[in-house]
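> My request is simple: use the sequences and hints to build the entire structure.
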Amino acid sequence: MRIIIIGGNSGVGKATATAAAQSGHSVMIACRTIEKAERAAADMPGDVEVAHLDLADLARVRAFADSVETVDALVNNAGVMGLPLTRTADGFEAHMGTNHLGHFALTCLLGSKIKDRVVSVASAM
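First residue of the sequence shown: 619, per our numbering; consecutive thereafter.
Fair warning: there could be bad hints in the mix.
Claimed, not checked - Estimated spans, in silico, between C-beta atoms of each pair:
1) A677 / L701: 33 to 39 Å
2) F710 / D665: 32 to 38 Å
3) I732 / G700: 29 to 35 Å
Everything labelled a hint here was simulated from the structure, so no lab data went into it. Glycine residues also receive a C-beta, built at the ideal position from the N, C-alpha and C atoms.
Encoded structure:
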């Protein structure tokens, strides 16, 4: 399977990416900070690719979605927490724009390219 894991450079996303790669899946970790993603990918076994994705900028979300040909599973994992009042590139409050609207836009844009499933990760925060 080809699996895209958003925010696969740390925490639950990194654990998910590592487990998927160990199981023989082709994994793409899509992250805002490429350097962190590359360090995380270097620690993972198997077929792991890194791509840039900033959920706080819908133009970048669209560009990322346009670059994806096909994917079996999408894991919407990345998010922000505890930020002061800030806005996304599109003017949305940062938590809402990143944690919800960015994932929703990405899922919709990839909709016809997703072959199996979408997993959305959330927290009590």
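> Each of the hints needs a verdict: does it hold here or not?
Evaluation of the provided hints:
no.: 1; hint: A677 / L701: 33 to 39 Å; in the structure: violated, 21 Å
no.: 2; hint: F710 / D665: 32 to 38 Å; in the structure: holds, 34 Å
no.: 3; hint: I732 / G700: 29 to 35 Å; in the structure: holds, 31 Å
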